[in-house]
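Protein chains in written order, with my numbering: chain F, 1 to 281; chain R, 1 to 293.
Some clues are possibly wrong.
Covered, in the sense of this in silico footprint (three residues per stretch, anywhere, with C-beta under 8 Å from a C-beta of chain R), are these stretches of chain F [stated by the list, open to error]:
#1 36 to 45
#2 65 to 75
#3 83 to 90
#4 129 to 135
Quick caveat, the hints were computed from the structure, so don't treat them as lab data. On a predicted model such as this, the values are computed, not experimentally measured, just so you know. We put the beta carbon where it would ideally sit given N, CA and C, even for glycine.
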Amino acid sequence: MPSIHNKELIAFVEKMPAFPKSVQRVVQLTSDINAPAKEIVRVIESDPVMTVKILKVINSAFYGLPQKITSIQRAVVHIGLNTIKNLALSVAAMGVLKPTNKAEFNTQDFLLHSLTTASICRLLAEKLNVKSSECSDFFVAGLLHDFGKIVFAEFDPDNFKLALEKSAEENISLHDAEIEFMGISHAQAGKILAERWELDPILIDAIENHHNSKNNSQLKDCIFTANQISKKLQFGFSGNPIIEENSEELIPRFNLTLEVLIVSLGDLTPIKSEALSFINS
Amino acid sequence: MKFKFWGVRGSIPTPGPTTVKYGGNTTCIEITTENNDLIILDAGTGIHPLGQSLLKKLPVKAHIFISHTHWDHIQGLPFFPPIFIPGNEINIYGGLDPVTNEGIERALGVQLQYSYFPIREAELNASINYSTIKPGNAVTIEETKITPTLLSHPVLNFGYRIDSHGQSLFFTGDYEPIFNIYLPEDSEYEEYQSFIDQKQQEIALAIKGIDVLIIDSSYTTEEYAFKQGWGHGTYASAIKLATEANVKKLFFTHHEPTRTDDQLDEIYKQLKKENPNLDFEIVLAKEGCDFFT
Numbered sequence: 001m002p003s004i005h006n007k008e009l010i011a012f013v014e015k016m017p018a019f020p021k022s023v024q025r026v027v028q029l030t031s032d033i034n035a036p037a038k039e040i041v042r043v044i045e046s047d048p049v050m051t052v053k054i055l056k057v058i059n060s061a062f063y064g065l066p067q068k069i070t071s072i073q074r075a076v077v078h079i080g081l082n083t084i085k086n087l088a089l090s091v092a093a094m095g096v097l098k099p100t101n102k103a104e105f106n107t108q109d110f111l112l113h114s115l116t117t118a119s120i121c122r123l124l125a126e127k128l129n130v131k132s133s134e135c136s137d138f139f140v141a142g143l144l145h146d147f148g149k150i151v152f153a154e155f156d157p158d159n160f161k162l163a164l165e166k167s168a169e170e171n172i173s174l175h176d177a178e179i180e181f182m183g184i185s186h187a188q189a190g191k192i193l194a195e196r197w198e199l200d201p202i203l204i205d206a207i208e209n210h211h212n213s214k215n216n217s218q219l220k221d222c223i224f225t226a227n228q229i230s231k232k233l234q235f236g237f238s239g240n241p242i243i244e245e246n247s248e249e250l251i252p253r254f255n256l257t258l259e260v261l262i263v264s265l266g267d268l269t270p271i272k273s274e275a276l277s278f279i280n281s
Numbered sequence: 001m002k003f004k005f006w007g008v009r010g011s012i013p014t015p016g017p018t019t020v021k022y023g024g025n026t027t028c029i030e031i032t033t034e035n036n037d038l039i040i041l042d043a044g045t046g047i048h049p050l051g052q053s054l055l056k057k058l059p060v061k062a063h064i065f066i067s068h069t070h071w072d073h074i075q076g077l078p079f080f081p082p083i084f085i086p087g088n089e090i091n092i093y094g095g096l097d098p099v100t101n102e103g104i105e106r107a108l109g110v111q112l113q114y115s116y117f118p119i120r121e122a123e124l125n126a127s128i129n130y131s132t133i134k135p136g137n138a139v140t141i142e143e144t145k146i147t148p149t150l151l152s153h154p155v156l157n158f159g160y161r162i163d164s165h166g167q168s169l170f171f172t173g174d175y176e177p178i179f180n181i182y183l184p185e186d187s188e189y190e191e192y193q194s195f196i197d198q199k200q201q202e203i204a205l206a207i208k209g210i211d212v213l214i215i216d217s218s219y220t221t222e223e224y225a226f227k228q229g230w231g232h233g234t235y236a237s238a239i240k241l242a243t244e245a246n247v248k249k250l251f252f253t254h255h256e257p258t259r260t261d262d263q264l265d266e267i268y269k270q271l272k273k274e275n276p277n278l279d280f281e282i283v284l285a286k287e288g289c290d291f292f293t
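Please construct the entire structure, taking both the sequences and the accompanying hints into account.
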């Protein structure tokens, strides 16, 4: 079975650039002394690459923070906006992710899927009355759940392409196809990277297990469900044609079927429009 | 422990007739422990006259703790005479820069370059040791413990707590209490506020039970309205923190560079008037005076 070398993977991601729109906005906002802080935060947390690279720095053992930092907002409180701005600028200086790749993985559709999953995940957290101080953690977990895929598209595009094709042709889960062609799934790759970067164990666990419906933590349940909702509503596309939860079955955490849960969340199209406005504006 | 201010000015040195009383050098505080260990907080221009005074006490063994690497807190380092003299031991401590990933050696190295200074780092004759330290991890020097805490400023900034022989002092470096970047009507406001409250608790724990608080109080409340986000505190925010920490003495420092002696005296008078019932003494930091915890 082929397998990815973790060391090479980690070294590759160190140099991986962020998405074009956020790089452009970061450059603009950091050149404007009056740019609102919340706007800078919003841009960073709309980009999984930029988010993960900043969380990596602040969670490094060198800062010995008493608790892991799981969101950009928390990071601003701990190390200050100016440092976050400069970190974002240093990510921006690495260039931009190319819109096309050899794997023919659509990065814009991927970003739309990640952003809408993030927003839906936060919405589900609110529905479960999660403490307001934890809701941004749910957003970040949703944003990063498929991070491994964008890494695959850049790092091992040939094999990832084969996995994408097989998943589409045979209507099987992408993560199963990934294991066949690459020896590792995007969830496992996400876990390896998140561990290396010393992210919060809860976040690492959520990334690793976001395809596991037999979960028992609020965060994992919310990511799993948000992921299915985003796919069901076709908010972007992240390469996986399978919607894992049978809509006839109850989702225990919410005590509703997927269909009924979606209805209960009200009109979700603004989530898509907002994400799209960020990606395309 | 004994401490003495050698620099109390923020941002830029301000020599001249209007700053004679409080002083025009940028930040530097000398601490002498009961064991006679020498601890120096920050290396603004005040470290130059401090260095001159140490020439009578050779060899020098000094522990310099840098709160952050903004110019006014490091620019005196190349002018600290003990670094040129063989037999001296100079230990420099500070944090890792998150953006460049460089340790505290950058504070001196960046200045000792051909374009900016005639002497290279390799030519310094004292033994110079750098320690990149982490928040919450104390450095122990004999019976003295120095603990860094991450405090809000536009660059990584450590406040230092010094515990020595049962007495304690906390110096904030440059510090602006964290403010909410969202408006109350924004959906993120409440969550962000909860992060701020958690961070405040962390700071409260770091300064719990201290005798002396030396704090950045650059601005009046009126001035701050135009300077939010610049990274500095006010007299009011200093008094608030000192009250919460139940300190015995509060020193206002990092005086705004355009502030004259007369203005500082006037501000002090006003503060006394507005805060008649404080349980602690308030003092404007002033160059050259010895204080005891």
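Against the structure, the hints:
no., hint, verdict
1, 36 to 45, "holds (count 4)"
2, 65 to 75, "holds (count 4)"
3, 83 to 90, "holds (count 4)"
4, 129 to 135, "holds (count 4)"
Consistency with the previously given hints is maintained throughout, with no hint failing.
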